[in-house]
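Peer 1: Each chain is listed here by its residues.
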Amino acid sequence: MGKETKACDTFRRHLKDELGTWKEEGLVSTEQAQTLSERYRLDDMVKERGRALMLAIYILGAAMIGGGVVSFVAAHWEFVPKPLKIALIIAVMLICQVAGFCLWQVSDKRRGVGHALVLVGTLIFGANIGLIAQVFHIHSHWENGVAAWAVGAAVMALAVWSVPIAVTATILSLIWFCAASERHSYTMLYSIAVLAVFLPVAFRKQSRWAYLSAVLAAGIGLVTSSAQNCVYGQGEQWWVLAWASVASLLCAWGFLARRTRFDLFGPPSVALGYLAAGIVSYLIAFRETANELSAQTKWCLDALWPWQVPLVIIAVLSLIFWILCIRPREDKAALPLRTYSVAVLVMVVAATVIGRDWLTVVIGNVAICLFAVGLIHNGFLTLSRQSYWAGILTIALVIASRFLEYETGLLLKSAIFTGCGIGLIVSGTWFEGYLRKRRLCHE
Amino acid sequence: MSRTTVAFILAVIVQLGILAAVPARHIHALMTGTPVVLKTAPVDPYSIMSGYYVTLSYDISIPPERHKWPDRTHTTIYATLVKGDGPAWKAVAFSTDWPTNVPADAVVLKGESDGWRICYGLEAYFLPETMRHEVANSLSQHRDSTLVDVMVDKQGHAALVRLRIGDKAYEY
Chain A
1 MGKETKACDT FRRHLKDELG TWKEEGLVST EQAQTLSERY RLDDMVKERG RALMLAIYIL
61 GAAMIGGGVV SFVAAHWEFV PKPLKIALII AVMLICQVAG FCLWQVSDKR RGVGHALVLV
121 GTLIFGANIG LIAQVFHIHS HWENGVAAWA VGAAVMALAV WSVPIAVTAT ILSLIWFCAA
181 SERHSYTMLY SIAVLAVFLP VAFRKQSRWA YLSAVLAAGI GLVTSSAQNC VYGQGEQWWV
241 LAWASVASLL CAWGFLARRT RFDLFGPPSV ALGYLAAGIV SYLIAFRETA NELSAQTKWC
301 LDALWPWQVP LVIIAVLSLI FWILCIRPRE DKAALPLRTY SVAVLVMVVA ATVIGRDWLT
361 VVIGNVAICL FAVGLIHNGF LTLSRQSYWA GILTIALVIA SRFLEYETGL LLKSAIFTGC
421 GIGLIVSGTW FEGYLRKRRL CHE
Chain U
1 MSRTTVAFIL AVIVQLGILA AVPARHIHAL MTGTPVVLKT APVDPYSIMS GYYVTLSYDI
61 SIPPERHKWP DRTHTTIYAT LVKGDGPAWK AVAFSTDWPT NVPADAVVLK GESDGWRICY
121 GLEAYFLPET MRHEVANSLS QHRDSTLVDV MVDKQGHAAL VRLRIGDKAY EY
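Heads up: the protein sequence lines correspond to chains A and U, in order. Residues 1 to 443, numbered by this note's numbering, are exactly what the first sequence covers, in order. Residues 1 to 172, numbered by this note's numbering, are exactly what the second sequence covers, in order.
The shape of chain U in the complex, shown without the other chains:
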């Protein structure tokens, strides 16, 4: 086997490795995580590479006492979530370090501050092109009662599972 052939095979293996590494954290969260429900309010843009998606903003994206955090972007923030009165979970604490004394029924969600809000990697839900009008209509009718199901692993990483608008669930 020539050197170029070996190099080509290695290059293909590297590419496959990259493809496996991209969703590794999400697969881990989906397989080992705790199910959490979050309340959301969406809008709908388009990504060149991945198609149509709804941008999701959460109650826990802009928490109170933001002024107490370091005034810089890309700061890691940990939100401690517990089950609320309704179906959605609520945040009881935010910190820049991993929280201590986390209650057994609570879940820690890792996010990153972009200067004015926290992103948890749960801000986009991709939709088939054919479904975008139906989802957009549902969203406009149930703007205050939209929920998402997510899985959160022990490291605080989360993966989106489904979008719930009114009494209908969308899972793609």
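Pulled out of the complex, with its shape left as it was, chain A reads as follows:
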């Protein structure tokens, strides 16, 4: 019995396709083919794909049933008395949840259906909140209803360790945050709460979906609250630094995670962090943003207390992670992207701290170009078509943005756009040829 190995699905799919041909051509013996099949669990692939497809169908079905129940409640059926109406829909919620739990966790026979029923129960819980709001004519601060729904869903997600319910709760909490952040002064606590509640689900279930939704919600929360805490014309540097800190932490953790048992979360963290670094450098490359940043003479530490606390924690954490990343025997494929990440982030921080409009614009533009070059370079190194084209499109976006921003001669615009178009076609064709040559143009 061969040792089982972790491998990506694309590789396993191609291996499964090729193995039959290899056997026919005599490249591998039947025993060797069997060993490879066991090593990469090729026989399980159909079952795994079927399971994933069924789960997706169940989740989609559950979401549609939940939508149907919400719409049913919204129709405000008057032929049933209020107490009976509430009792009826609470009973439906309980039946779904209990039946789902029994099928999923107790009998262990129809796990997918059971899981979907618990999800339906959580959606009906939200419909119940809507029904109660309808019966008692409660409408002020509708986002509080969403918050109540998010809390109930989060509790259920933690109780049964469900990824779809955790992602639903994260989305609901983000909706609440976006609607309520103006009314509350301590919104930075949202980011901490989201990570504290949903990351355990992501780590325990090894789910990239739960991880990405939690990290994205926390990042949006931190950047939004830092921007909202800036009184216009005061301390606007802080939202740039908040953004850079989040990007830095994600990149550093992502590179570090690749060497831990949480390597599953490494690539999405790096991708998200690098994207955040690119977005912030793109924003500060605009003359208007640079002017706003350079107009700030004070850092307004007193006025912005205490939301800098999580920012400082994130900055320190990311610094520690960056230091831990540096090791003598490191992953050489990740080294260039790591260098580009650090360079882009250092430039963003430098541009913000220096705060001179023209210099900030120059540094911002260099940073976003470096970001694009990093993607292209990474595309070559890892033979990733997505990375290469993301870099090329970023450069196109930067050029288009600068042309719209600055008034320059039409002839010059025409020449540069034509040059860019030719460059795009030539470089793209060349890269595709390069991929074909390496016989690795499968996605």
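Among the hints, a few may not be true.
Straight-line C-alpha distance at most 27 Å; calculated BS3-like pairs for lysine-lysine [stated by the list, open to error]: (1) A/Lys16 with A/Lys437; (2) U/Lys168 with U/Lys39; (3) U/Lys39 with U/Lys83; (4) U/Lys110 with U/Lys90; (5) U/Lys90 with U/Lys39; (6) A/Lys85 with U/Lys168; (7) U/Lys83 with U/Lys154; (8) A/Lys82 with U/Lys168; (9) A/Lys82 with U/Lys83.
Derived Cβ-Cβ restraints for the label pairs, each shown as a range [stated by the list, open to error]: (10) U/Asp114 with A/Ala415: 51 to 61 Å; (11) U/Arg143 with A/Ile399: 56 to 66 Å; (12) U/Met31 with A/Ile95: 25 to 35 Å; (13) U/Ser140 with A/Leu84: 27 to 37 Å; (14) A/Ile95 with U/His133: 30 to 40 Å; (15) A/Ile95 with U/Glu171: 26 to 36 Å; (16) U/Trp116 with A/Ala196: 49 to 59 Å; (17) U/Asp97 with A/Ile354: 33 to 43 Å.
Covered by chain U, according to a simulated footprint, are these stretches of chain A (three or more residues, beta-carbon under 8 Å) [stated by the list, open to error]: (18) 98-112; (19) 117-130; (20) 272-280.
In short, the hints are calculated from the structure, not lab data. Computed from a predicted model, the values in this text were never measured in an experiment. Just so you know, even glycine gets a beta-carbon here, dropped at the ideal spot from N, CA and C.
Based on these hints, arrange chain U on the given structure of chain A.
Peer 2: This is chain U only, laid out in the frame that chain A set:
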């Protein structure tokens, strides 16, 4: 019983607790409150979760001397209401603190300023989908004589009871 089963039961209890907590203040106002009638002028939007409703604006929503209050949103405002000459009650005072020396026949209503008007949590009345056209037609005919019955408890919290348009009452 396994740990997951216990956690699941606790989660369901928490959800039921949340469902009970959402209308608790309104139930308290309905059970212990003083009946008050307010004059209103409605419009009709839609809520994804709860369906069709009329948005209600009151005479006491935009009171005089607003400039005297703190210039910020989410400030708590207390309106002191007394019975008017007609069926509707009227506001005799507004304050940012709980009013002192409230007359025995007066009622204090708690609201929140959103910067330009006060919201009392009475701004929406939900309707069955089938009734929305009838109610909309009635409203357009009796725009100046629409009233709502509310119950106000001793803490100033209020709950909507019914909508009165002309000589017809709508209670859902």
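Peer 1: Evaluate the given range 51 to 61 Å for the C-beta pair formed by U/Asp114 and A/Ala415.
Peer 2: For U/Asp114 and A/Ala415 the Cβ distance comes to about 54 Å; the hint holds.
Peer 1: Verify the proposed pairing of A/Lys85 with U/Lys168, using a straight-line Cα cut of 27 Å.
Peer 2: Holds - the C-alpha atoms of U/Lys168 and A/Lys85 are around 25 Å apart, at most 27 Å.
Peer 1: Do U/Asp97 and A/Ile354 keep their Cβ atoms within the hinted range of 33 to 43 Å?
Peer 2: violated, 49 Å
Peer 1: Closer than 8 Å, Cβ to Cβ, for at least three residues: run that test on the segment 117-130 of chain A against chain U and report holds or violated.
Peer 2: Answer holds; 6 residues pass the 8 Å Cβ test.
Peer 1: Is the hinted pair A/Lys82 and U/Lys168 satisfied, with a Cα-Cα distance of at most 27 Å?
Peer 2: Distance ~21 Å between A/Lys82 and U/Lys168 Cα, so the pair holds.
Peer 1: Should the hint that U/Arg143 and A/Ile399 are 56 to 66 Å apart at their CB atoms be regarded as holding?
Peer 2: 57 Å Cβ-Cβ, so the 56 to 66 Å window holds.
Peer 1: Regarding the pair U/Lys168 and U/Lys39, is the alpha-carbon distance no greater than 27 Å?
Peer 2: Given pair U/Lys168, U/Lys39 holds - Cα atoms ~15 Å apart, limit 27 Å.
Peer 1: Compare the distance between the alpha carbons of A/Lys82 and U/Lys83 with 27 Å, and conclude whether the hinted pair is satisfied.
Peer 2: Not OK: A/Lys82 and U/Lys83 at ~31 Å, beyond 27 Å, violated.
Peer 1: Tell me whether the statement that chain U covers the segment 272-280 of chain A is true, taking a Cβ distance below 8 Å and needing three residues at minimum.
Peer 2: violated (count 0)
Peer 1: According to a criterion of three or more residues whose C-beta lies within less than 8 Å of a C-beta of chain U, is the segment 98-112 of chain A covered?
Peer 2: This one holds; 4 residues, not fewer than the three required, reach chain U with a Cβ under 8 Å.
Peer 1: For U/Ser140 and A/Leu84, compare the CB-CB distance with the range 27 to 37 Å and indicate the outcome.
Peer 2: Given range 27 to 37 Å: holds, Cβ gap about 33 Å.
Peer 1: Could one say that the CB atoms of U/Met31 and A/Ile95 fall in the range 25 to 35 Å?
Peer 2: 30 Å Cβ-Cβ, so the 25 to 35 Å window holds.
Hint check: violations occur at hints 9, 16, 17 and 20; the rest are consistent with the structure.
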